Amino acid sequence: MFKSCLVDSAFLRNRVFFVNRSTFRAYSAAASALLVEDHVFVETPLPFEAFAVHEIKALGKRICVQRKGKLYPFVVTVFKSLNWEVAWDVRFSKSVKEHGFSHSLNAFRIIVHEFAWMGMQVEVQALLRDVVCYYREAKYDAFGLFPYLLDSPHSGVRSIVVYDALITAFADNSMLENAVDVFLKIKKLGLEPHIWSCNILLKCLAEANKLECVRSLFECFKNSGPSPNVYTYTIMMNFFCEGLQVQDVDIGQATDILQEMGKSGKYPTAVIYAKYIHGLCKVGHVEFALDFIRNMRHRAQPLNSYCYNAILQGLCQKGETCEALKLLEEMKGYGMVPDVYCYTILIDGFCKEGDIEKALTLFEEMELCKIKPSIVSYSSLIYGLCKIGLIDDMLHIYHSLKAAGVFPDAITCTLIVDGYCREGRLEEALRFIYEMHHQGISPNSYTYNAVLNSLCKEGKPEKAWELVPQMLKRNVLPEVANYNTLMNGFGKQLNSKKAFMVYGGMLEAGVMPNTVTCTILINILCHRGKICEAYNMFKEMTERGLAADVISYTSLIAGFCRMGDMKKAWVLFKEMLSKNHLPNAITYTCLIDGFCKSFRMDYASFLFEEMKKNNVSPDVVTYTVLISGYCRLQNIDRAIELFDEMKLSGISWDVFAKEALGLYTGDWFGYKRLES
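The sequence shown maps to residues 1 to 676 in the numbering used here.
Treat each hint with caution, since some may be false.
25 Å max Cα-Cα, derived BS3-like pairs, lysine-lysine [as the list claims (entries may be wrong)]:
| hint | residue 1 | residue 2 |
| --- | --- | --- |
| 1 | K352 | K372 |
| 2 | K402 | K387 |
| 3 | K457 | K497 |
| 4 | K222 | K185 |
Rather than coming from a laboratory, the hints here were simulated on the basis of the structure. None of the values given here were measured: they were computed from a predicted structure.
Modelling step: build the complete structure from the supplied sequences, incorporating the hints.
The structure is reproduced here in structure tokens:
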């Protein structure tokens with residue numbers, strides 16, 4: 001009877017690991033009951049059980065003095081019964097607290113290996129994750145965990161289960177160096193981890209932007225195993241096409257992935273094709289993506305609506321909404337049903353172009369196809385209606401949404417508030433914000449910024465400032481954009497005192513200034529003639545790591561030009577160019593005006609030609625200051641040439657340009673020939 005049961009137990013263990021090379025809990029109640037009999041441990045011929053019995057006995061001797069503890073009976077119970085609930089009830093941190101770290105680790109090691117032997121892969125992962133979490137929280141050196149788990153009689157299958165679980169546990173807890181270390185040590189032992197644990201590690205490394213590690217690990221898979229599977233290639237395709245922080249989209253590498261899959265006999269899925277197509281569109285190859293997807297369709301490759309979404313998006317972003325609409329019809333012609341995302345992309349595209357009629361037609365088509373529009377679909381339509389001044393029609397949609405049980409979010413409501421503000425209906429905008437709050441839709445700082453911006457544009461920054469207490473009352477903390485709007489509003493009124501008061505309040509609230517903040521203040525100081533203070537703020541801004549942009553440089557250059565300090569203005573201009581900030585028409589015009597007033601027409605003329613060479617179009621102000629400069633030097637012929645050039649360029653000349661010549665010719669240019 002005993003021998004028969006032992007054979008069954010041995011057969012069971014073989015079956016666990018060699019049926020389709022999959023591991024699962026195939027043990028029975030009989031097998032579990034068998035392990036409760038003490039004589040089984042004495043006579044069993046299996047090497048791991050002999051080892052485990054020895055370890056349990058040794059563990060019992062080491063902790064026999066700890067009468068309070070029940071670690072030894074706990075290990076014996078789990079070992080005999082394989083009862084997961086009993087094992088999981090004694091968490092590792094709890095065991096360490098009661099029995100000490102080394103005893104607890106030894107006990108868990110025995111249980112982990114026994115569970116691994118029985119094919120209880122999920123349980124092994126849970127136990128090791130518990131141990132790894134303790135290591136991380138206690139700040140222990142986790143690199144020592146692998147050698148400790150290795151210190152047992154070798155069994156390839158059992159060891160791989162443990163090591164795979166350890167890789168996964170480290171990766172899931174963002175302990176990626178430890179996970180890579182385990183992988184390398186397994187390879188050094190001549191063992192091969194399963195591809196599923198390697199994929200988890202690869203995915204976590206990709207999500208952590210570990211560029212070189214991802215590339216190296218993937219090459220290791222291809223060269224020495226485990227052999228990449230379709231999911232491995234999916235991770236890599238996503239990595240190269242996503243365009244994460246440390247790298248741009250690498251469409252060349254993504255193309256190589258497709259080619260490698262073909263050579264290895266693995267077929268790309270619709271997900272892989274979709275990622276690749278999205279990558280192509282991200283780098284601006286929309287037409288190539290369109291040709292590619294049509295070629296895939298011709299070859300009957302797996303495609304889905306997500307594959308088409310990126311191309312639809314790319315076409316709409318380029319303003320080719322009609323082409324996008326044709327592609328939608330092409331999809332339907334292939335028998336592919338467009339999803340809500342396809343329709344929403346097109347609706348958004350047409351709304352941004354102001355073609356509400358086509359957007360509404362697409363809404364009706366969605367209804368006929370029984371596709372429920374998303375809140376994004378409605379938001380796009382509301383934006384379009386607000387853009388063309390049909391905010392009242394939009395409100396019908398808003399109320400219909402609520403009636404249908406679809407409650408608008410803060411983004412949708414912000415669009416409505418912005419629509420009211422565009423039409424100058426600020427009181428209605430504020431009432432709508434109150435209604436939002438009353439209905440449980442929390443307005444955010446962007447919602448309020450629409451009102452703040454409108455009030456400041458109307459020259460009422462004081463009223464805008466009065467809204468800040470209302471924001472705080474509704475638990476909406478002002479953000480840097482709100483403070484910038486207020487500072488800019490006061491700055492345009494030349495009320496520098498109030499602007500700096502807002503700046504002080506911003507710092508007291510713990511809101512850190514950004515480049516826009518500093519640029520606004522620099523501009524205010526420059527207009528007040530406090531150019532030294534402005535320049536000091538500019539230097540402080542760059543020292544704090546805030547990147548100066550073309551606007552901040554131009555503000556300061558304009559300030560020095562107004563002061564007549566062309567030397568410092570020129571130094572800043574050269575610095576701006578060295579940092580790859582391209583000057584705009586305002587930058588050039590300020591410098592040209594400054595040099596003209598300093599009677600340095602050589603520099604002014606050089607800059608004028610340089611801006612045209614760099615495809616920066618001179619405007620009427622640029623021509624006016626240059627004409628004025630030549631007139632001051634009595635070079636009327638050159639002034640008239642510039643006036644002719646301005647007219648030929650299609651620039652409408654104004655009274656200032658006319659006066660610039662009139663002041664020196666005394667005859668409104670004697671210019672009937674130019675007007676003819």
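Restraint check for K352 with K372, where alpha carbons must lie at most 25 Å apart: Since the Cα atoms of K352 and K372 sit roughly 21 Å apart, the hinted pair holds (cutoff 25 Å).
Proposed proximity, K497 with K457 (alpha carbon, max 25 Å): holds (19 Å)
Satisfaction of hint between K387 and K402, Cα-Cα up to 25 Å: Holds, at about 22 Å.
Given hint K185 paired with K222 - CA-CA distance at most 25 Å: holds (18 Å)
In this structure, none of the earlier numbered hints is contradicted; all agree with it.
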